[in-house]
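Participant: Sequence:
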Amino acid sequence: MGGSITFGQLTNVQMLGFYQARYKEDRKSFLAYVLQVNTTTSHFLVYRRYSQIASLATKLHFHPPVGLPPKYAMQLYPLTDMQLQQRFEGLKGFLHAVMVHLSMQHATGLHHATNSRAGLDMQLFCDFVVHHRNRPPKPVTGDIPNWAQPIQEVTDHDSITDSDDMGLLESDGSDVESDDLSTSFRNEVLQIEGNVGALWHSVRAYKHATVAWWEATSAVFDEYKRVADVPQLGTKDSIITRLQQEMTNTLDLMQLAFANTCDMEVLPPLEKLRHDVLPEIKHSFWTRHEHVQHDTVATTRRVQQERKLLHDKVHVDVHQSLTAFVAFQTRMLRTIHQKLHDVTTVPRPRSKSMPTLSTRTLDHHSQLPNEEMTMQKTQKDATEIDCKIKNEGTPQSRLWVWGRPPSLESGTPLILRPKQVAVLPNQPLIQIACGGEHLLYLTSTGDVYTFGNDEVRKMALSTTLPDPEANVPNSSLSYLTPQLVEELALEKALYGVTIAQIACGAQHSVAITNCGELYTWGSGEDGRLGHGDMRDRTVPRKVMTLLRQNVVSASCGGAHTVVLTEKGSVFSFGRGRNGRLGLGDTKWRDVPHEIMTFPLHMRVVQVACGWNFTTAIGQNGTLCTWGKTGEGQCGIGYVDQDQVVPAIVKFGTNSDVPILDVACGYTHTLVLTANGTMYSWGLGEYGQLGTGNVYEPIPAQVHYSIDVSDPLARVYCGAFHSIATTEHHVMFTWGLNLYGACGLGHTTNKDQPERLDCFSANHDLVVACGHKYTFALELALNQSHVKLQGLAKDHVLASHSLETTHFSSLRLPRDSIHEKEEELRRVKKMWRTRILRNWEANKNSALTHALWRQGIPPSIRARVWPLAIGNQLKVTPEMFQMYRRRAIAYKKDRHGSEESQIYDGGREHTLALIDTDLPRTFPSLKLFDASGPYYTLLLEVLETYACFRPDLGYIQGMSYLAAMLCLHMPQDRYLAFQCLANLMVHEHLFTFYLLDAELASVYYTLFEAFLEIRCSQLLVHFRNIGISSCSMYLMNWLQTLFLQVLPLESAARVFDNFLLDGTIFLFRIAMAIHELLAPQLLTAEMDVVLPLLQHNIMYQTIWHTQVSEQALFEKVSTIAVPTHIYAALDRVINDVFFYEKRNDLDQMGNSKMMMVGSGRQSIGIGHMKHERRSFNALNGVLGGF
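Here the sequence shown stands for residues 1 to 1185, where the numbers follow full-length UniProt numbering.
Careful, some of the hints might be misleading.
Here are the simulated DMTMM-like pairs of lysine to aspartate or glutamate, each with C-alpha atoms no more than 20 Å apart in a straight line [unchecked claim]: (1) K828 to D533; (2) K829 to E487; (3) K272 to D312; (4) K587 to E566; (5) K225 to D757.
DEER-style ranges, computed between Cβ atoms [claimed, not checked]: (6) A209 to D252: 12 to 20 Å; (7) H311 to L253: 36 to 44 Å; (8) P919 to A1084: 50 to 58 Å; (9) I5 to R226: 40 to 48 Å; (10) L873 to Q483: 26 to 34 Å.
Read the hints as simulated data drawn from the structure, not as lab findings.
Positions of the beta carbon are idealized from the N, C-alpha and C atoms, including for glycine.
When you get a sec, could you build the whole thing from the sequences and use the hints?
Facilitator: What follows is the structure, encoded as structure tokens:
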């Protein structure tokens, strides 16, 4: 029974239970924990003590998310049953967590990495679970429980050792009776479990192998087409083009269908057996904690019944899986064969020299006309395809990838040649940044998307994927499906701040805005985020110390960050080991410190970080380096100590030639001079230096095939490979190519530059190198946002709409920006610590109302708004899902439903209007149109609400309210819907969406009475020019809570105050706008007044200067609502019979309108809210703005 196994042979290790056993020597008792070990070839039991499991925990080189349970060693009295069970569950969870972690490491190949201890951990775990198998210790009393019996008879019994090593428990010397029916059934169950597990693994291996075959096949056809498109070969081969397109389209469709079939039809029956049926039988049939006799008739009958049920279940599920597998395999092969046959069976076109067949010849070969017709038809189709491709033109940006890109799914196939991929369709990319195992994407709209993160990946593996064999859709684990950084999108929406540049370190990220502010997030170890502490940040946060600087560029090393300001100053922070910060010592810094030791008169224009060193280029072309020098990465020669301050790099006889570009890898540096010469230095164990040498402590020239008409333009470095591009976008690659990162079609490392000619000269080319992969981004010439040094150009979002034109923060002095940010952080802290910790007790306090009226901090709104809106409708997640399914069903069967009786009387047909209206919702943000990241979210919320309130359906303007909620709570669709549903019935906001002029007229009448008191001259002027009612413009104001006319930052603050003070605050905002625009309104005619009040784009400047946020809320603080208008409005809002009076409203005069609701008034659920903001209290806090 001996013999070692590798970790790759382990399929499952789980703890079955425990029983009281005793040592053979001193007869002391202990708990023996029974582990079942399954491998690809066998299965067996092992028996371990608590101390042995604890010894394993101390020897592992990682800390599992589930720690060891307490041993209760100091407890004087015996352990209770609860304590025993808790310790068993804890040990079981610990072993499962260890197995999950090691499985993930094995799947990603970390056991082969020389700098990883994963292989040692796997060996320790194998030694722990394999040695001395099937050797149970003797129980204290009676026989070994049946469930703990070894699977087969064991005759070799070693005495037990007291060592805490992988020592094993003793055998009791008794043999397992082979004729025991229960044991026989148990062996059958374990055999089925092992075979089903092997089958499950085989199907998954087949899935990965098939995907790899598709990738390889697609790559072959791409190469065929690439060769056929070479200009030197003359005209393009239309047959090759068509074949490549047909095969690519077929593989794309079949790959998606295959993945869905495996995940939804083939694997689930097997997974049900492995995870549900078989574990349930083992758990329920064999008692864990007591011995059960199996010699009774009842037990025999039970075993036979369980065996029959298990046999039937296994037969059905395996047959179901096999049927699905065979059916799809047949369909897949037939489809591929048919597609290829339709193209390849067409004869080749006849050359001009080939003689033409006569009519007589054709008569003797009747089949030839059909072939000729087929050939002509195919040539015509191919020509049409080529023309179609040509007419469609090229996209604004094209993304290419090769190597092994990061993925949370194991077994990612290698891409050995540049492959065009689609990331964020319809959103042109302008920059990519590569970190350790994460990526950042920057779009032309200034949005940042992210995929993967070392820390987030670990969390995902330990929480969302507790089972290493869990089936996760590929789309959710792919670098092709990045996630929007929502906090930056919110900043863009509210303040018009877009991201202009991004950068990545090993475990942290940075982003620079178009106004020079720096955001950082990720791992905060050693202070690399610059926030004054070492806390990790999962969301971007501004670096306060740099708010007084205008940051233009940043670069990240392994654990440090370096930023460059507009004035040429350089700041560094993070780990200071080896002097990589350039501050004269090796201390870490958790806030940015300026480097003051550059050579005299050197103004830095570019910075670049390696793993543990840093480089900088001066305006005069001088290059300085500092940091670790052990591998020669600083290029300052043979030195025996690290460089802690910037030192100038000497280039021998070419020292006067300025440096144009620099790039840094893990231990090497690459530079480009003004005369097109390329130098490298450092450690080049994989050939990344390009000189053929392994070690170069000083600059050495990199030789390549020079084309004087196409000089080098840029250089790039991955961790262990290098890339250079020319002005015509010819690429040279060399270095580590084990994973295909050089894109040369093989996996052999190269120590000399190799030409890679795959890119168009009509685009700008931007390259981003990772550890094992490379990205290349082709940008249209008129869309390029990247300078020679890699610095993003000034990128300000083009805005022609009315809602996001307020950019006052961009023009504030730097000191004002710093003070504003400090005040915002102080207010956020007060909200978190003094208000939200006990909302019910603090929500009506003076402090809460004062902070509320100043505007809720954007990051706090996702918590405050749901609390303020409430859930009076008692919307539940189940209700949301029910109406969501109803909306989906209606869209699928729209025509049939119109004829059915299900939707009679409802307005579900308005769902068709939503898709048309979304692109008009905050269009300048590019967040809610068909290509925007929040399009699907907003669409689902609005469609669900239209089915939730079929009497209302969807009304234009509703999208603004829903979009505001989605912006602030994008992670929770249900919560956004719940808030929208309750907001629509908040303070009779619902009234303005009924499109019932008579019902809403009471509000317009009350406001006109208010306007007559405050601005009677303006009201008279309106009457004189033909504006008979303020409803001509006031409806849109009130319906969208001013979101259509005010900048989003100001409108969000209006939204805050509406939730606190209700409709009366909307009246005060409307009055403030009238008074601020009064000078223009009083002298204008109707054709000017209405467009001005509706914020037409022609009057954008007037709104921007006269209705700024500061001016608006200063004016609001001076406006008090008269008592009689406030009382009348309060009665209307709280009148539960309001909607029954629509037929009586037109019969009332203005004076009677003030008293509507006073006769049959019934104070509703909103009364308590109005009690806390009575008229006197409201007017007493007007100065709070």
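Participant: Please test the hint of 40 to 48 Å on the beta carbon pair from I5 and R226.
Facilitator: 45 Å, holds
Participant: Confirm or reject the claim that L873 and Q483 have a C-beta distance inside 26 to 34 Å.
Facilitator: At 31 Å between Cβs, range holds.
Participant: For the pair we were handed, K587 and E566, check the Cα-Cα distance against 20 Å.
Facilitator: 26 Å, violated
Participant: Can the restraint linking K828 and D533 be considered satisfied, given a maximum Cα separation of 20 Å?
Facilitator: 18 Å, holds
Participant: Measure nothing beyond the straight line between the CA atoms of K829 and E487; if it is 20 Å or shorter, mark the hint as holding.
Facilitator: 18 Å, holds
Participant: Against the 20 Å threshold, does the CA-CA distance of K272 and D312 hold or violate the hint?
Facilitator: 14 Å, holds
Participant: Check whether the Cα positions of K225 and D757 lie no farther apart than 20 Å.
Facilitator: Cα-Cα ~14 Å, so holds.
Participant: Cβ-Cβ distance between A209 and D252: within 12 to 20 Å?
Facilitator: Between A209 and D252, where Cβ atoms are some 18 Å apart, the hint holds.
Participant: Could you tell me whether the CB distance from P919 to A1084 stays inside 50 to 58 Å?
Facilitator: Because 32 Å falls outside the window, the suggested range is violated.
Participant: Are H311 and L253 spaced within 36 to 44 Å by their CB atoms?
Facilitator: For L253 against H311, whose Cβ atoms are near 39 Å apart, the range 36 to 44 Å holds.
This entry does not satisfy hints 4 and 8, going by the numbered hints stated previously.
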